[in-house]
Amino acid sequence: MDEIVLLILCMALVTYIPRVLPMLALSEKLQSLKFLKYIPIAIFASLVFPDLLLVDTQTIAVNEKTFAGVVALIVAWKTRNILITMVAGLLALYAIINWL
Amino acid sequence: MDDKNYSTVQRGGIKECVTDAFPIMVGYFSISVAFGVLAHEYIGWYAVLMSALVFAGASQFIALQMIMQKSTAPLIVLTTFLVNLRHILMSSYLATLYRKKNPLKMALVSFGITDETFAIASRKLKEKPDANYHLCLNFLCYASWVSGTVVGILFGNIIPLSIIDILPFALTTLFISLLVLSVRTKVDIAVVVIAGITATLLGFLPKGWNIIIATLLACFLGGVLEKWTK
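One line per chain: the protein sequences are A and B, in this order. Just so you know, this note's numbering puts 89 at position 89 of the first sequence, and the rest follows in order with no gaps. Heads up: take any position in the second sequence, counting from 1, add 1000, and you land on this note's numbering.
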């Protein structure tokens, strides 16, 4: 077998295991663990903040994405519409990078 | 219990899942076009195989970068594992929403867990756990991810780099809107701030680990705060 195919198969396997095991093993009884309900927003926040604030792995600085993120935040607040927010955020980033 | 809820897609179900999937499909398609464009030179059509079998954006870009730098295969696999380990948290959360589980459906649904499908599914399924809706949502996102890679490989040279560069930001804006839509209480705000700052400060860790640690810490403190403020 091609080396690259083997690599991709191994990547697929190690990606699938963490996705499927908890789903099959855990039950709804865990719902009583209240703090689990914060998982979604905690994950969203830990994906968003570093992308807006880090210019490399350890330098925190206000940058183009910070401004575009603020634009997206305001638009999301006003419209409560996901698509409009995405378009506004991307346009803002494009404008800041290319026209300012 | 009523099997109906789990074995039939209601008439409105498909339309609902298409509507919900659409923003992610747009984001995925454009980003996987970017992936195809970048991957074309190094692994050619195997990029499509990777998108079809791995279906995890960040780790695919990282693997590609490692392939470009001639890293060894075991190191790439290990990195992929670490980057995608955060899905454990999502899968655990989703597992608590389903009361009745059809193992085959759950195994299929699990394959499609990503940051983005999780974001939409966790909001929707909290009110009404519906495996068919979940499957439909994941499949649409998967289809757009794989087809985007194909398009990227075929038409990559036509798309200007200035556009390719900013496309990944589409997903960040998706998460910003989901945050705005999800945050209700003061504890929610605290969780967001704690998770966001922790993940940023831990940005030097291998990718993925900052997310796992920040999420666990913020959830735990959220639970504590909730008790205090009661």
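Bear in mind the hints are in silico, worked out from the structure with no lab data behind them. For each residue, glycine too, the CB sits at the ideal point set by N, CA and C. Each hint should be verified, as a subset may be incorrect.
Said to hold, decoys possible - Below 30 Å or equal to it, Euclidean Cα-Cα: the simulated DSS-like pairs (lysine-lysine) are: (1) A:34 - B:1070; (2) A:34 - B:1207; (3) B:1101 - A:34; (4) B:1230 - B:1186; (5) A:78 - B:1105; (6) B:1230 - A:37; (7) B:1101 - B:1015; (8) A:34 - B:1230; (9) B:1105 - A:34; (10) B:1101 - A:78; (11) B:1070 - A:78; (12) B:1101 - B:1128; (13) A:34 - B:1126; (14) B:1070 - A:37; (15) B:1100 - A:78; (16) B:1227 - A:37; (17) B:1186 - B:1015; (18) B:1070 - B:1126; (19) B:1186 - A:37; (20) B:1128 - A:37; (21) B:1207 - A:37; (22) A:37 - B:1126; (23) B:1126 - B:1100; (24) B:1124 - B:1207.
What the hints assert, rightly or not - Beta-carbon label-pair distances, calculated as ranges: (25) B:1069 - A:59: 41 to 47 Å; (26) A:81 - B:1075: 21 to 27 Å; (27) A:27 - B:1143: 36 to 42 Å.
Claimed, not checked - Stretch by stretch, here's where chain A covers chain B in the computed footprint (C-beta under 8 Å, at least three residues): (28) 1021 to 1035; (29) 1043 to 1056; (30) 1085 to 1096; (31) 1105 to 1116; (32) 1177 to 1183; (33) 1216 to 1228.
Sort out which numbered hints this structure fails and list those numbers smallest first.
1, 5, 10, 11, 14, 15, 17, 18, 25, 26, 27
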